[in-house]
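Colleague: In my numbering, the protein residues as written are 1 to 262.
In short, the hints are calculated from the structure, not lab data. Just so you know, not all the hints are guaranteed correct.
What the hints assert, rightly or not - Distance windows between CB atoms, simulated:
| # | residue 1 | residue 2 | range |
| --- | --- | --- | --- |
| 1 | Y18 | A132 | 14 to 24 angstroms |
| 2 | L218 | A19 | 40 to 50 angstroms |
| 3 | I116 | S23 | 48 to 58 angstroms |
| 4 | L31 | G52 | 27 to 37 angstroms |
Remember, it's a predicted structure, so these values are computed and weren't measured experimentally. Every residue gets a Cβ at the ideal spot worked out from N, C-alpha and C, and that includes glycine.
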Amino acid sequence: MAFSLSVTENPSGIGNQYALPFSEPHIVDLLIVGSFLYLLNVIHGIFQFLFGAGLVGQLALGAVYTIPLANILPFDIQTSIGTIGYLGLLLLIVEGGLDARLDILSERRSLFICIIVALSGIGLPIGVSILALHFGYSYSVLESFVVGAALSATSLGTTFAIMSSFRFPSSRPDTYVLDSGDEPRQESSASSKEGGLGDTRAGTILIGAALLDDIVGLVISSVVSNLGSTNSGPIHACVAHRNLTTYPYLCPDSVRTWPGGP
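Construct the complete structure from the given sequences, taking the supplied hints into account.
Modeller: This is how it looks when you write it as structure tokens:
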């Protein structure tokens, strides 16, 4: 009596839920990934030396290596790098928020300048797009508004990354301590810390403006996504509705608990 044992192979080459099969990567993939990682450091140093913004060079290199330009990196590697990069972006935003100088941003003058900068960063691209596309090339107002809304969006993580790359000695005044003989002596300069652009007033205003710009950008993006539906109203009605539903969550508790409020 003969018995036969049949083994069914996985035609897709993907392992089961208990093990991940080892597959040796091709030499071409190794060279592509190695060149990408190496050029990231090289182009960061070049752009940092020339323009003081190494992240811009890395963004340009990433655009060349991925879709829709040269598309050199394999698609699965692009997806993995995008996921890791998004996690790094969230951590970078958290770090920038923790390092923000709230004592400077809470001043009335600094807050006013911050709001003006944020509004100019939002209104200027939308206004220029409507003037150029609607009156110059006969596009509709809706299409011009969508293009301007896309241009008005900023990257808060990019702002934090570029500002953190600038380091200079802190300009705090010299401090004096008392020694054992009760005679004041100057503190050693070796204990002085390096400050970043975010520690200055201009850097704090830029961080606050980028934060406000991203908040309004989220509102505009939700409005733009609703404009494609058939039952959506005019642009001003959509913006007003979205602002009224978003404003209570952005206000301090003292404003939301105002008499007559919820």
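Colleague: Would you list, in rising numerical order, the hints stated earlier that this structure does not obey?
Modeller: 1
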